[in-house]
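**Q** Once you've looked at the hints, dock chain C against the given chain W.
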Amino acid sequence: MNTGVPILRLGDILLGGLLSDLDDKTALAFTDELTTRIANEGIRGVIIDISRLEIIDSFVARVLMQLAGTGRLLGTQMVVAGMRPAVALTLTELGLQLTGVRTALNAEQAMELLGWRRPAGAPHAS
Amino acid sequence: MLPDERTVPSGEHPVRVEEDLLAARHAVRAAAVAAGFTIVDQTKIVTAASELVRNAYIHGGGGTMTVETVRDPAGRLGLRLLVRDEGPGIADVDQAMTDGFSTGAGLGHGLGGTRRLVDEFALDTAPGRGTTVTVVRWKP
Chain W
0 MNTGVPILRL
10 GDILLGGLLS
20 DLDDKTALAF
30 TDELTTRIAN
40 EGIRGVIIDI
50 SRLEIIDSFV
60 ARVLMQLAGT
70 GRLLGTQMVV
80 AGMRPAVALT
90 LTELGLQLTG
100 VRTALNAEQA
110 MELLGWRRPA
120 GAPHAS
Chain C
0 MLPDERTVPS
10 GEHPVRVEED
20 LLAARHAVRA
30 AAVAAGFTIV
40 DQTKIVTAAS
50 ELVRNAYIHG
60 GGGTMTVETV
70 RDPAGRLGLR
80 LLVRDEGPGI
90 ADVDQAMTDG
100 FSTGAGLGHG
110 LGGTRRLVDE
120 FALDTAPGRG
130 TTVTVVRWKP
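Residue numbers (numbering that gives the first Met the number 0), protein chains in the order written: chain W, 0 to 125; chain C, 0 to 139.
So here's chain W without its partners, still in its complex pose (with noise of 0.2 Å):
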């Protein structure tokens, strides 16, 4: 099923970017999305960029919990990349620390995280 997310592959990682708007079915297809993905393409590690979401309630957050669960399950692991300072705070308050889930300032550490180097010299990306 086309999410409309665009998932990117590199390698042996898939990058997916979440949108501003996201609604229930779209988080909940992109899911089956990449779940199945993970599973046919022998991937190694996902990175979900959340630096466009302006918002994570409960049901964003148990599906990105459950997306970790699934994918480690599968032996890849899932990194969370971007998440805005507004949206950390509210997380925090309203008492959801997203259990289980890595999670990386942005894409370009969590692909450290996941092993990926920077060939030497190479500028950071801005």
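Hints are computed from structural coordinates only; laboratory data are not their basis. Since the structure is predicted, the reported quantities are computational estimates derived from the model, not experimental observations. Positions of the beta carbon are idealized from the N, C-alpha and C atoms, including for glycine. Among the hints, erroneous ones may be present.
Unchecked claim - Okay, derived cross-link-like pairs now, EDC-like style, lysine to aspartate or glutamate, Cα gap no bigger than 20 Å in a straight line:
| hint | chain 1 | residue 1 | chain 2 | residue 2 |
| --- | --- | --- | --- | --- |
| 1 | W | Lys24 | C | Glu17 |
| 2 | W | Lys24 | C | Asp19 |
| 3 | C | Lys138 | C | Asp40 |
| 4 | C | Lys138 | C | Glu67 |
| 5 | C | Lys138 | W | Glu92 |
| 6 | C | Lys138 | C | Asp71 |
| 7 | W | Lys24 | C | Glu18 |
| 8 | C | Lys138 | C | Glu119 |
| 9 | C | Lys138 | C | Asp118 |
| 10 | W | Lys24 | W | Glu53 |
Claimed, not checked - Incomplete in silico selection of chain C near chain W, CB under 10 Å:
| hint | residue |
| --- | --- |
| 11 | Leu20 |
| 12 | Leu21 |
| 13 | Asp40 |
| 14 | Gln41 |
As the list claims (entries may be wrong) - Between beta-carbon pairs, the in silico distance windows are:
| hint | chain 1 | residue 1 | chain 2 | residue 2 | range |
| --- | --- | --- | --- | --- | --- |
| 15 | C | Glu11 | W | Thr91 | 25 to 35 Å |
| 16 | C | Leu122 | W | Leu9 | 39 to 49 Å |
| 17 | W | Leu9 | C | Leu21 | 24 to 34 Å |
| 18 | W | Ser19 | C | Glu11 | 20 to 30 Å |
| 19 | C | Pro13 | W | Lys24 | 16 to 26 Å |
| 20 | W | Leu18 | C | Ala33 | 15 to 25 Å |
**A** Below, chain C without anything else, positioned relative to chain W:
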């Protein structure tokens, strides 16, 4: 003496179909921006709205959300959300306010987290009478 509480633009939004959840969030975001809320305050009130309208949609079988800009007697600006449903109501309010409690498709989170995102929180519910939640977040 009458309180100087003045209601500026208001609007009632349906919470009937899933698309209404997104529309309700947009309405609250627009009202928070118009009221001059910071990004953090916008995010908190929009997240609270998302939790409340989803509750009304899932547990209450749908309802309405009303957004109002309000002022307290000191002139402080705030945003008030009133989310009402005609669902089965909540039998055990204490339990519903506890983190980790849910009977629906949520995270098992309950209303306790939402309460922490706002300054004022009022719950009016009884079995068979539906549920109305009113919250206010004041601009610092």
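**Q** Now tell me, hint by hint, if it's right for this structure.
**A** Hint-by-hint comparison with the structure:
1. Lys24(W) / Glu17(C): 9 Å, holds
2. Lys24(W) / Asp19(C): 13 Å, holds
3. Lys138(C) / Asp40(C): 8 Å, holds
4. Lys138(C) / Glu67(C): 14 Å, holds
5. Lys138(C) / Glu92(W): Judged against 20 Å, a Cα distance of about 17 Å means the pair holds.
6. Lys138(C) / Asp71(C): The hint holds at about 11 Å.
7. Lys24(W) / Glu18(C): 10 Å, holds
8. Lys138(C) / Glu119(C): OK: Lys138(C) and Glu119(C) at ~12 Å, within 20 Å.
9. Lys138(C) / Asp118(C): Judged against 20 Å, a Cα distance of about 10 Å means the pair holds.
10. Lys24(W) / Glu53(W): Cα-Cα ~17 Å, so holds.
11. Leu20: 7 Å, holds
12. Leu21: Hint holds; Leu21(C) Cβ to chain W Cβ min 5 Å, cut 10 Å.
13. Asp40: Holds, about 9 Å.
14. Gln41: Gln41(C) check passes; min Cβ-Cβ to chain W is 7 Å, inside 10 Å.
15. Glu11(C) / Thr91(W): 25 to 35 Å: Holds - the Cβ-Cβ distance for Glu11(C) and Thr91(W), about 32 Å, lies within 25 to 35 Å.
16. Leu122(C) / Leu9(W): 39 to 49 Å: 48 Å, holds
17. Leu9(W) / Leu21(C): 24 to 34 Å: 31 Å, holds
18. Ser19(W) / Glu11(C): 20 to 30 Å: 25 Å, holds
19. Pro13(C) / Lys24(W): 16 to 26 Å: Given range 16 to 26 Å: holds, Cβ gap about 18 Å.
20. Leu18(W) / Ala33(C): 15 to 25 Å: Between Leu18(W) and Ala33(C), where Cβ atoms are some 24 Å apart, the hint holds.
The structure agrees with every numbered hint stated previously.
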